[in-house]
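Visitor: In case you want the letters, here they are:
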Amino acid sequence: GRALLAPVGPRVRAGPRAPLRSTASAAPLYDVVVSGGGMVGSAMAAALGHDIHFHDKKIALLEAGPRKEYDHMPDGYSNRVSSISPGSATLLSSFGAWDHVCSLRLKPFRRMQVWDACSEAMIIFEKDDLDDMGYIVENDVIMSALTKQLDAVADRVEVFYRSRAVGYTWPLPSHSCDTSPWVQIELADGRRLQTKLLIGADGHNSVVRKEAEIKNIEHQYDQSAVVATLHLSEATDNNVAWQRFLPTGPIALLPLSDTASSLVWSTSHEHASELLAMDEESFVDSINSAFWSNINHSDFIDTAGAMFRSAISLLKPSGTAVRQLPPSVAEVDPESRAMFPLGMGHATEYVQHRVALIGDAAHRVHPLAGQGVNLGFGDIACLAHHLSAAAFNGSDLGKDPRQWSGERQRHNVSLIAATDVLKRLYSTRLAPLVLLRTWGLQATNALPPVKVRISLEWGL
Amino acid sequence: QLSLFRLTVKRPFSTSHSSVDAKEIKKFQLLAHKWWDEEGEYSALHSMNDIRVPFIRDTLLSMSSNYLRGNPLSGVKILDVGCGGGLLSEPLGRLGASVTGIDPLEDNIRTADQHKSFDPVLAKRIRYKSSSLEEIVEESMETFDVIVASEVVEHVADLETFIKCCSQVLKPEGSLFITTINKTQLSYVLGIVVAEKIMGIVPEGTHEWEKFVPPEELEHILESNGFSVKTVKGMLYNPLSGSWSWTESTSLNYAVHAVKSGAQGQSGPTGTPSETDIQQCSATAATAG
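Protein chains in written order, with the working numbering: chain A, -17 to 442; chain B, 1353 to 1641.
Treat the hints as calculated values from the structure; they're not laboratory data.
The C-beta atom is built at its ideal place from N, Cα and C for all residues, glycine as well.
Any given hint might turn out to be false.
List of simulated lysine-lysine pairs, BS3-like, C-alpha gap at most 25 Å [said to hold, decoys possible]:
1) B:K1378 x B:K1563
2) A:K40 x B:K1476
3) B:K1582 x B:K1523
4) A:K50 x A:K40
5) A:K381 x B:K1476
6) B:K1523 x B:K1379
7) B:K1523 x B:K1481
8) B:K1523 x A:K40
9) A:K381 x B:K1386
10) B:K1429 x B:K1582
Residues from chain A that face chain B, not an exhaustive set, calculated with beta carbons under 7 Å [claimed, not checked]:
11) D38
12) H251
13) G376
Okay, the calculated beta carbon distance ranges per label pair [unchecked claim]:
14) A:E168 x B:D1402: 33 to 39 Å
15) B:E1391 x A:P10: 26 to 32 Å
16) B:S1601 x A:R93: 22 to 28 Å
17) A:T285 x B:L1592: 57 to 63 Å
18) B:P1406 x A:L412: 57 to 63 Å
19) A:D137 x B:G1427: 57 to 63 Å
Next comes chain B alone, as it looks inside the complex:
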């Protein structure tokens, strides 16, 4: 079992308090045009759609009361952070959502724009922007119903800042979906040694084990920043079949669904944001929805 999908997120080129890691960006520059080769370097990410899209779709459907025939995510505004070539943005767009995909690497955005342009429905529903998460916070306060950060947080320079910014741009009671890799001995052996150095399933140097995030740590950061963690599920990649499945164990890959507490700081166990949180994010600490 190998954890092979990582190649999605670029960190934004930003100034201070940046969650972007310039080194990380360089790694993905070379592969910017390879996103849509389904048998290529990103094949594991393509097949990950088979479980992450239904996960997002079904979670959102179960939380909403109305369902528009044939358009399960109609009217939902989604932010895809670290969208890469748009591998996850496109299926979400096809399901009816209005998707904003951001990625710090311009080449990725170029590839994504190019790919969606052939489909008039997607071209309308998705917009891509070369940007960091921080850069859009000011103009996007509490704008999105959903944020997806898939295969992102393990590349982030400062996870706390990243989560705070997510909270800023998310509407109250909005959903945050994260998929990432655990920091365990197993993930070192399989995710780095085997996947990168031995089997070459992931380009060497893509991952840094130090930056892997254990689910306990992620949950803690989420809960202390106004989120309520609803689901944590393990994911497993089968390199022989090239397919993903859900699993009990979170020792390799896992997915998280968290909900931002409602207006006036209700419904989350941690309640109101702290003083330092408010100072860190540059936008006004508005509480109105």
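In isolation and in its complexed conformation, chain A is listed as follows:
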């Protein structure tokens, strides 16, 4: 009991200690338990389940919701979509899920045009070759593919639906003879599990993270994102992702098909509520105005911007790009409007003894960069690789995978910080800052090496 709690420094967590062997032995022991059956948690379980070195291992996936059947995709598009980077697509195909996505539906895009509402500044991302930059995929399509691939390895991966963990019991970091070395999990229905490694993929309000007492740096933005499914005025080669930075927040149009696009509009809470409440015509007008209006331009900025552009074209004739015009919207799918609050978060540690955090449980970003789920998939690629090697070495899987977490933190922190900075930089009409970002954007657009680097950083 408590007597075994030798002072081992700040890492000792309060809460129930590992039970004595006799009581713990009844609970089934898993090699890995993934808590959270969303896109990231399901992909983690599927990646491990398909790993050759996990052939004889036992994996469990805990999902609080019911099992959803995705056999039949509805004709209409879902309003929750993700921008999937080529890197993420590679991960998904490593365990056979990408084929399913392709056979359902997805929209590749070749180009991203990002521009400012307060000036003419614009940046275009596109690949020189004819490769896709990324794919817009409905979250339901991804979940359908993941569920299929989990079913395919049901002998290795046990999925517990309608199962919420209500309690975790942590083992002592250094093994003491009488107590179980494993993490004990208690489910709401009283069932117990034990695991050598617990992976927390339970979202930005992660219970695993809280129970493990891992500090989280978080900040609620004064913004909500409004999503909707839109129909375009006319069919077009809809292969460009559009994003315009308004002073109130970025508005993005992500292609779903030649006639439909998905809206992600980050704006103030009040404005978001207004957008949801207004009638469909006004809503469509607001969107078109947001993309087309130059009301936020000031003569000063326009002049300064034009001067800078001339300067660039003298030095680097090809440095200014042709601006394409975004499509105009005709209709919004009824019932497709929704909003959700935005924030940022970053866990100070991704791992502890026998615990690892992935996805939004570890890091939460603003959707302006379209990176949220890609960061999570990046975590999976890295962690699965590490665990696969550990399994092939016969190692104890729960041993602190610090190497993995160091790598991921270094990668994620810079991207999260940059996203946060961009969000703040673009949330203003103040002339000096507008000028700064205008020139910055123009310069970045003119400098291929910087542009390429940004693309690579964002997994594009």
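Once you've looked at the hints, dock chain B against the given chain A.
Guide: Just chain B now, kept in the frame of chain A:
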């Protein structure tokens, strides 16, 4: 570079022709419960798994024709001599092998049994026995596919006897893996003076430089007892990172892979065992596999 991992083997309490050194056992008695503290006295041995397990695994995989998915060592019977707390037995068990771990010190076996008991897969695949190598020879003639003697031979009282007994319990063409410390000026300075007396990385008195074994001597004993030495590799410990790596030089730590000659004394350069060899090991000098 320090050679710090030694604390594994206890010599069996046996009678005559014993490879067990009673003095050696006393040294490890005190630390019998510290095996699984990965940041403790045995931390260098824990990190040694990062190179010795892949070495054993890959050597065996390259020699076998079938590979069972997810279970690289499935069906392989391994004897871990001087298993201590089971630090090497457990990863080998996780890779699918049936492991028998022996150690003369009962407290070590107790710790090892205790630790494996929490994992039902390991509990089934590994069995531990408090015993000397000689004591199991009679009942285990040519039983094992593989013997691992990691950080053992530098504690042995009589190396020749030890190797002969290994040969007895190993199947023909079975593999023997040894890791140990060379007897050089460097190993005296780094392995004893620095590691024990100055940096205290190894408990003082653990090592006796006199008992370190140069690879040439080990190779000679192996070859004259029916083994063919296939690989000798140097190992290097980095005390700053706490990790091991392979290296060209064998002047400190090194690993050896040797294969017992096949039935009818074939395939080894030394051929048939000598008269004295047969007399020394108490079991019948059977040649059938």
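Visitor: All hints are to be evaluated individually against the structure, with a verdict given for each.
Guide: Right, here's what the structure says about each hint:
1. B:K1378 x B:K1563: Measuring from Cα to Cα gives roughly 16 Å; hence the hint holds.
2. A:K40 x B:K1476: Roughly 16 Å between the alpha carbons, so the hint for K40 (chain A) and K1476 (chain B) holds.
3. B:K1582 x B:K1523: Holds, because 17 Å separates the two Cα atoms, which is no more than 25 Å.
4. A:K50 x A:K40: Measuring from Cα to Cα gives roughly 23 Å; hence the hint holds.
5. A:K381 x B:K1476: 22 Å, holds
6. B:K1523 x B:K1379: Roughly 33 Å separates the two Cα atoms, so the pair is violated.
7. B:K1523 x B:K1481: Status holds; Cα separation ~20 Å.
8. B:K1523 x A:K40: 34 Å, violated
9. A:K381 x B:K1386: 17 Å, holds
10. B:K1429 x B:K1582: Cα-Cα ~20 Å, so holds.
11. D38: Holds - the Cβ of D38 (chain A) comes within 7 Å of chain B, reaching about 5 Å at its closest.
12. H251: Cβ of H251 (chain A) sits 49 Å from chain B, so the hint is violated.
13. G376: Interface hint status for G376 (chain A): holds (3 Å vs cutoff 7 Å).
14. A:E168 x B:D1402: 33 to 39 Å: 35 Å, holds
15. B:E1391 x A:P10: 26 to 32 Å: Roughly 30 Å apart at Cβ, these two residues keep to the hinted range, so it holds.
16. B:S1601 x A:R93: 22 to 28 Å: 57 Å, violated
17. A:T285 x B:L1592: 57 to 63 Å: 59 Å, holds
18. B:P1406 x A:L412: 57 to 63 Å: 59 Å, holds
19. A:D137 x B:G1427: 57 to 63 Å: Roughly 21 Å apart at Cβ, these two residues miss the hinted range, so it is violated.
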